[in-house]
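Peer 1: Place chain B on chain A using the hints.
One-letter residues, chain by chain:
There are 2 protein chains.
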Amino acid sequence: MRVAVTGAGGFVGAPLVRCLLANGCDVAALVRSPAALDTFADVRHRLTCITGDLRSDAVGRALELFRPDACIHAAWYAVPGRYQHGIENLDSVVATASLLKPLTRTTCRRFVMIGTCAQYQPVEDSLTETSADNPGTLYAACKQAAWMMTAGAAAECGGTAVNARLFQVYGPREPEARMVPSVIRSLLASKRCPLTTGSQIRDFLHVEDVADALAMVARRTDVTGVVNVAGGRPVAVADVARSIGVQLHRAELLGFGERPASADDPPSLWARPGRLHDIGWRPRRDLPDGLRHTIAWWKERVTNGR
Amino acid sequence: MRVAVTGAGGFVGAPLVRCLLANGCDVAALVRSPAALDTFADVRHRLTCITGDLRSDAVGRALELFRPDACIHAAWYAVPGRYQHGIENLDSVVATASLLKPLTRTTCRRFVMIGTCAQYQPVEDSLTETSADNPGTLYAACKQAAWMMTAGAAAECGGTAVNARLFQVYGPREPEARMVPSVIRSLLASKRCPLTTGSQIRDFLHVEDVADALAMVARRTDVTGVVNVAGGRPVAVADVARSIGVQLHRAELLGFGERPASADDPPSLWARPGRLHDIGWRPRRDLPDGLRHTIAWWKERVTNGR
Chain A
46 MRVAVTGAGG FVGAPLVRCL LANGCDVAAL VRSPAALDTF ADVRHRLTCI
96 TGDLRSDAVG RALELFRPDA CIHAAWYAVP GRYQHGIENL DSVVATASLL
146 KPLTRTTCRR FVMIGTCAQY QPVEDSLTET SADNPGTLYA ACKQAAWMMT
196 AGAAAECGGT AVNARLFQVY GPREPEARMV PSVIRSLLAS KRCPLTTGSQ
246 IRDFLHVEDV ADALAMVARR TDVTGVVNVA GGRPVAVADV ARSIGVQLHR
296 AELLGFGERP ASADDPPSLW ARPGRLHDIG WRPRRDLPDG LRHTIAWWKE
346 RVTNGR
Chain B
46 MRVAVTGAGG FVGAPLVRCL LANGCDVAAL VRSPAALDTF ADVRHRLTCI
96 TGDLRSDAVG RALELFRPDA CIHAAWYAVP GRYQHGIENL DSVVATASLL
146 KPLTRTTCRR FVMIGTCAQY QPVEDSLTET SADNPGTLYA ACKQAAWMMT
196 AGAAAECGGT AVNARLFQVY GPREPEARMV PSVIRSLLAS KRCPLTTGSQ
246 IRDFLHVEDV ADALAMVARR TDVTGVVNVA GGRPVAVADV ARSIGVQLHR
296 AELLGFGERP ASADDPPSLW ARPGRLHDIG WRPRRDLPDG LRHTIAWWKE
346 RVTNGR
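In the order they appear, the protein sequences are chains A and B.
When we follow this note's numbering, the leftmost residue of the first sequence carries the number 46, and every step to the right adds one.
When we follow this note's numbering, the leftmost residue of the second sequence carries the number 46, and every step to the right adds one.
These aren't lab readings, by the way, just hints derived from the structure by calculation.
Note that the structure is predicted; figures quoted are calculated from it, not measured.
Beta carbons: idealized from backbone N, C-alpha and C, even for Gly.
One thing to keep in mind: the hints can contain errors.
[To be verified] Have a look at the derived ranges for each label pair, beta carbon to beta carbon: (1) B:Gln166 to A:Val168: 19 to 29 Å; (2) A:Pro220 to B:Thr152: 32 to 42 Å; (3) B:Met46 to A:Ala86: 36 to 46 Å; (4) B:Ala306 to A:Ile324: 33 to 43 Å; (5) B:Pro125 to A:Leu110: 45 to 55 Å; (6) A:Ile324 to B:His338: 55 to 65 Å; (7) A:Arg100 to B:Gly69: 52 to 62 Å.
[Stated by the list, open to error] What the simulated footprint calls covered on chain A by chain B, stretch by stretch (three residues with Cβ under 8 Å from a Cβ of chain B suffice, anywhere in the stretch; the number is not a length): (8) 140-146; (9) 177-183.
Just chain A, same shape as in the assembly (with noise of 0.2 Å):
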């Protein structure tokens, strides 16, 4: 099978990529920039790699050469902090467009958008896949302007469309602003960590995971629609907080209350992934074998000085 990543190069996009290898597809890995390329060095005499602007003509006619069987579209504006309301947001769906335009042209027949649990109107109890949509931020809406237009598209050109919803991610390559890289740091660096209450209820799922699961949705053109990748255990926030503690022995530098919550962050996020468990998708790491491989991949980076 012949799959077509964007985002390759991404803290989500990278390990896809490694999980498609591995199951033996051809795979086109598709970048900004060269740069985000490093990370293959040891694979890349395996991958076709496309670079440059999803926008460019240029990249639209690298993709028809591939003449890929599926795409997964994990490229989206992701700067930490600037994500949720960045009007970034509104030329990722340009990028989108400018994506399914020569797609449509190719082989391709099988469409993944990587989504996000921010398209689902949160709820006190689990989200399903039939749960109500009601994004609400920028970031939300125009993954989900992306989610409508690809289903569009795939059904135009006699394809079939998965809106891959991801909830918390987690794992090596973590942009290091975001709550588990940056408990981790700090605590490693023995500074102390100022956090929200983390009350908040989670869904968390090694990314390792998440690409085993993406990997597993291209190929099973039987599943359609909205697919929940989660984990399905909630957690709250605070409880993944304190399970790092305890892994490095330094809790007591765990900050609770000491940073406001984020008004977008909702009391609840947590999802059954009904449709993964119907296709024989488990997860492989529970929490805390997730999290003593991140603090293990850190703790190598800090080490190595990088």
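Peer 2: The following block gives chain B in isolation, referenced to the frame of chain A:
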């Protein structure tokens, strides 16, 4: 009030511009090509004309100079017979994003996105503004995507947004390939007019009533979200054709059942215009009067040999 109108030279855009002028607005008419401004020969001195592709930087800069209070986005890919499935709908989403980016930098705080009844899941009874969405064509999906982006972008800049969903608009300058003009032109030329069985229930509204509703909605910033622009009087398409036949005394030329129905044509699409009624809007023309006016316009056009 300063109002920017995209697609200003179009079937809905042109009477909308005139209606806004009649209401004392300062109007910027955005058109792709200068020829589209011919229709404004008599009022051109009262208009700010902005010519060019909405995706160009030049149009964005001209919008910033105009300093609109509101924007009504009526431009869209609209080739009869092709618009529902054309990949060009993606270009219209891109144009919408390209329009929103400079608008959010201006004084514009009121965003009216022209939508379509095709964004709804068709139902047997009347549609209301709380009816479920389920865009079934690429056209409807992209209109829905554009609405998501518009609502999100408006919220980011502290503005308000409306999705004004049009139903069956008819009147002068309607594209000739559509039902009302093709029936009128056939009968005026004494030619047989092949039609579907005409059993589809639709909600016909004269384009000047549509323009009037849109101009009112642009001003009423207390109205946000979805607004049905409809007459609220369901009628079978066959009865509209018969009414034209009676007025032109050529009903025998109507060939009901001589054309297959389109797969995109649901049995029923009509609406209660609840929110327009709430703000006191009522259509000025009923169907016989609106058709009389439209027939007169076509007669004059045919007489003048155009």
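Peer 1: Evaluate the given range 55 to 65 Å for the C-beta pair formed by A:Ile324 and B:His338.
Peer 2: holds, 58 Å
Peer 1: Taking the beta carbons of A:Pro220 and B:Thr152, is their distance inside 32 to 42 Å?
Peer 2: holds, 35 Å
Peer 1: Falls inside 52 to 62 Å, the C-beta gap from A:Arg100 to B:Gly69?
Peer 2: violated, 40 Å
Peer 1: Regarding B:Ala306 and A:Ile324, is the given constraint of 33 to 43 Å on their beta-carbon distance met?
Peer 2: This hint holds: roughly 38 Å between Cβ atoms.
Peer 1: For the stretch 140-146 of chain A, count the residues whose Cβ lies under 8 Å from any Cβ of chain B; is that count three or more?
Peer 2: holds (count 4)
Peer 1: For B:Pro125 and A:Leu110, compare the CB-CB distance with the range 45 to 55 Å and indicate the outcome.
Peer 2: violated, 35 Å
Peer 1: Using the Cβ atoms, figure out if B:Met46 sits within 36 to 46 Å of A:Ala86.
Peer 2: Distance hint for B:Met46, A:Ala86 is violated at roughly 59 Å.
Peer 1: Verify the coverage statement for the stretch 177-183 of chain A against chain B, using a C-beta to C-beta distance below 8 Å and requiring 3 or more qualifying residues.
Peer 2: It holds: at least three residues are needed, and the stretch 177-183 of chain A offers 3 whose Cβ sits within less than 8 Å of chain B.
Peer 1: Do the Cβ positions of B:Gln166 and A:Val168 conform to the proposed distance bound of 19 to 29 Å?
Peer 2: holds, 22 Å
Hint violations for this structure: numbers 3, 5 and 7, all remaining hints satisfied.
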